[in-house]
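For the sequence shown, the positions run 1 to 518 when full-length UniProt numbering is used.
Keep in mind that the hints were calculated from the coordinates and are not lab data. There could be a bad hint or two in this list.
To be verified - No farther apart than 27 Å at their CA atoms in a straight line, the calculated lysine-lysine pairs in the DSS-like style are these:
no., residue 1, residue 2
1, Lys177, Lys334
2, Lys357, Lys253
3, Lys278, Lys290
4, Lys152, Lys278
5, Lys348, Lys377
6, Lys262, Lys334
7, Lys334, Lys278
8, Lys195, Lys262
9, Lys357, Lys191
10, Lys348, Lys175
11, Lys377, Lys245
12, Lys339, Lys262
13, Lys195, Lys407
14, Lys352, Lys175
15, Lys261, Lys343
16, Lys403, Lys232
17, Lys245, Lys261
18, Lys357, Lys232
19, Lys175, Lys152
20, Lys339, Lys278
Claimed, not checked - Derived Cβ-Cβ restraints for the label pairs, each shown as a range:
no., residue 1, residue 2, range
21, Val147, Lys352, 28 to 36 Å
22, Lys352, Glu188, 22 to 30 Å
23, Leu60, Ser97, 52 to 60 Å
24, Lys195, Ser356, 19 to 27 Å
Note that beta-carbon positions come from the ideal geometry of N, C-alpha and C, so glycine has one too.
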Amino acid sequence: MVDLHGKDKGNISLPAKLQSYEDDEKKPTIINMQKTFYTIKIADIESRINRLDERNEELLEEIETTNELSATIDTETIEEITSLNKQFLTQNSLVESLKNKINTIENDRIENQRLYEEKKELFNQNYKKTKFELISQAKVLNAEINVLQDFKRVQNVLQEKLEENEEQMIENEKKVKETIEIINRKIEFDKEMLKNEMYDCLLDLAAQFQMQVNKHINLPNQRLMRENIMLKHELLQISENISSKEDTELYLKKSQINYKKKLDTQSLFIKNNIKISKIQNIILEYIKKKLENAKKNLSHIPIPKNAKQREYMILIEKTIYEQYNIHFRHASLKTILHKIRLKINLAKHFLKLIESKIRAVFETIYDLKYNATCLLKYPYSRWDLITMSCIEVFIFLRDILIKGQIKFENYVVESTESIPDKLESTSNIKENPNVEDIDLIMFITKESLSKEILDETKQIENLDEKKETFIENSEINETISEHFVETISEDNVDFNLENNNELSKDDENESVFDIAGE
Numbered sequence: 001m002v003d004l005h006g007k008d009k010g011n012i013s014l015p016a017k018l019q020s021y022e023d024d025e026k027k028p029t030i031i032n033m034q035k036t037f038y039t040i041k042i043a044d045i046e047s048r049i050n051r052l053d054e055r056n057e058e059l060l061e062e063i064e065t066t067n068e069l070s071a072t073i074d075t076e077t078i079e080e081i082t083s084l085n086k087q088f089l090t091q092n093s094l095v096e097s098l099k100n101k102i103n104t105i106e107n108d109r110i111e112n113q114r115l116y117e118e119k120k121e122l123f124n125q126n127y128k129k130t131k132f133e134l135i136s137q138a139k140v141l142n143a144e145i146n147v148l149q150d151f152k153r154v155q156n157v158l159q160e161k162l163e164e165n166e167e168q169m170i171e172n173e174k175k176v177k178e179t180i181e182i183i184n185r186k187i188e189f190d191k192e193m194l195k196n197e198m199y200d201c202l203l204d205l206a207a208q209f210q211m212q213v214n215k216h217i218n219l220p221n222q223r224l225m226r227e228n229i230m231l232k233h234e235l236l237q238i239s240e241n242i243s244s245k246e247d248t249e250l251y252l253k254k255s256q257i258n259y260k261k262k263l264d265t266q267s268l269f270i271k272n273n274i275k276i277s278k279i280q281n282i283i284l285e286y287i288k289k290k291l292e293n294a295k296k297n298l299s300h301i302p303i304p305k306n307a308k309q310r311e312y313m314i315l316i317e318k319t320i321y322e323q324y325n326i327h328f329r330h331a332s333l334k335t336i337l338h339k340i341r342l343k344i345n346l347a348k349h350f351l352k353l354i355e356s357k358i359r360a361v362f363e364t365i366y367d368l369k370y371n372a373t374c375l376l377k378y379p380y381s382r383w384d385l386i387t388m389s390c391i392e393v394f395i396f397l398r399d400i401l402i403k404g405q406i407k408f409e410n411y412v413v414e415s416t417e418s419i420p421d422k423l424e425s426t427s428n429i430k431e432n433p434n435v436e437d438i439d440l441i442m443f444i445t446k447e448s449l450s451k452e453i454l455d456e457t458k459q460i461e462n463l464d465e466k467k468e469t470f471i472e473n474s475e476i477n478e479t480i481s482e483h484f485v486e487t488i489s490e491d492n493v494d495f496n497l498e499n500n501n502e503l504s505k506d507d508e509n510e511s512v513f514d515i516a517g518e
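I would like the entire structure built from these sequences, with the hints used as guidance.
Structure below.
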């Protein structure tokens, strides 16, 4: 036993019973049974120790094998770790490269998305623009189609009127050319006559004045006096021409106002006649419906005798004849209205022409007056005229007159339209009150309407007879007024219903007389 704290103290780790005895005497004696028991126990313990030793050897062998295995496994794991590290590094490099690629792809994607958005916006804008353009084009095309359809409806009427207008234009152009030739001849003749007369008068006056002036006045004063006399004479002539032109302008304005009033009254009369004719057409349609209803109601009644039947047929023929006459009057009133509009347009055109010619005359007069006032009142403002001689001044003034005459002769005015946009502007017949409530006593006969039309024609003829010529001194205005009166007199409408046999297709379509004739 090991003494942990010394020999005297004994083994303190064991109980007292198990402590070793110092003296052999004190040792207890062992009985045989105990001895065998202990030997058996010791043998068991030894066998157990042997087993444990074997087990320890086995464990040591296993530990050695496990150590060897662990060493091999460690080497393998080290190799695997190195290979995995290498793979990890390669994978990291691949991941970095892939990240770079992903970043580049992401940047490309963002850029492509931005470009896509821009293209999308551009496409949307282009789509909206093209849509708006196509819608506007479609609207324009629809409007053109509607205009073409409206034109197809009125094409025949317009074509007939265009042919009539072309014929009238050709005739008017011939007459205008003839009048222009006559005016040009008169102007040239009068120009030469006036030049000769003015030159002779100037020579006589210059000789007389020079004879009297040479006696008393110096040469420069004589020259100034001669120039002043000539300029005063020119100013008097200019003032006389201005007064005559102003009188003609006043007369033209008054005649224009009177003519407009007369045209307004005529247009109102024609519109009233058109309304009356439409009412008559409505009444005739009402009569026709009543006649058909009467035929249906009286179909079961026996047929009357031949004499009464003939009387009925005569009455029916008379009513049909009156229907045709009323329709014919309606068409003639439309033509009258169109011709009156043509007259108004011609009057406007001639008035513009006269105003332009008066303007040209006023411009030349103003130029002459300005130069004359500069020479008389403010001579130093025009050094170019002061330095000229008397003959040069007269040539200068003559050039101004010639320029004004060229403006007067070559002034062009655009002609107004002869065909209006709308032939009529009347209310719709359907908006009128119910036709069945109209009393048949309001039916207007042929004789009363024809009397009204004849009275209107007499008024127009009286107006044409009362047309006076312009002032006798201005031959150009006289010829223009004569041409104007001739065109108006030629455009007077013949109200004789027997000779006027041309109707428009629109009027024929509006009438119901063809059905009645059938």
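To see whether the hints hold, each was checked on the structure:
1. Lys177 / Lys334: Judged against 27 Å, a Cα distance of about 31 Å means the pair is violated.
2. Lys357 / Lys253: Holds, because 15 Å separates the two Cα atoms, which is no more than 27 Å.
3. Lys278 / Lys290: holds, 18 Å
4. Lys152 / Lys278: holds, 24 Å
5. Lys348 / Lys377: violated, 42 Å
6. Lys262 / Lys334: holds, 18 Å
7. Lys334 / Lys278: The hint holds at about 12 Å.
8. Lys195 / Lys262: violated, 44 Å
9. Lys357 / Lys191: holds, 18 Å
10. Lys348 / Lys175: Holds, because 19 Å separates the two Cα atoms, which is no more than 27 Å.
11. Lys377 / Lys245: Roughly 26 Å between the alpha carbons, so the hint for Lys377 and Lys245 holds.
12. Lys339 / Lys262: Satisfied, since the Cα-Cα distance of roughly 14 Å is no more than 27 Å.
13. Lys195 / Lys407: Holds, at roughly 20 Å.
14. Lys352 / Lys175: holds, 19 Å
15. Lys261 / Lys343: Holds, because 13 Å separates the two Cα atoms, which is no more than 27 Å.
16. Lys403 / Lys232: holds, 22 Å
17. Lys245 / Lys261: It holds: about 24 Å lies between the C-alpha atoms, which stays within 27 Å.
18. Lys357 / Lys232: holds, 25 Å
19. Lys175 / Lys152: violated, 34 Å
20. Lys339 / Lys278: Roughly 20 Å between the alpha carbons, so the hint for Lys339 and Lys278 holds.
21. Val147 / Lys352: 28 to 36 Å: About 29 Å separates the Cβ atoms of Val147 and Lys352, which means 28 to 36 Å holds.
22. Lys352 / Glu188: 22 to 30 Å: holds, 26 Å
23. Leu60 / Ser97: 52 to 60 Å: For Ser97 against Leu60, whose Cβ atoms are near 53 Å apart, the range 52 to 60 Å holds.
24. Lys195 / Ser356: 19 to 27 Å: holds, 26 Å
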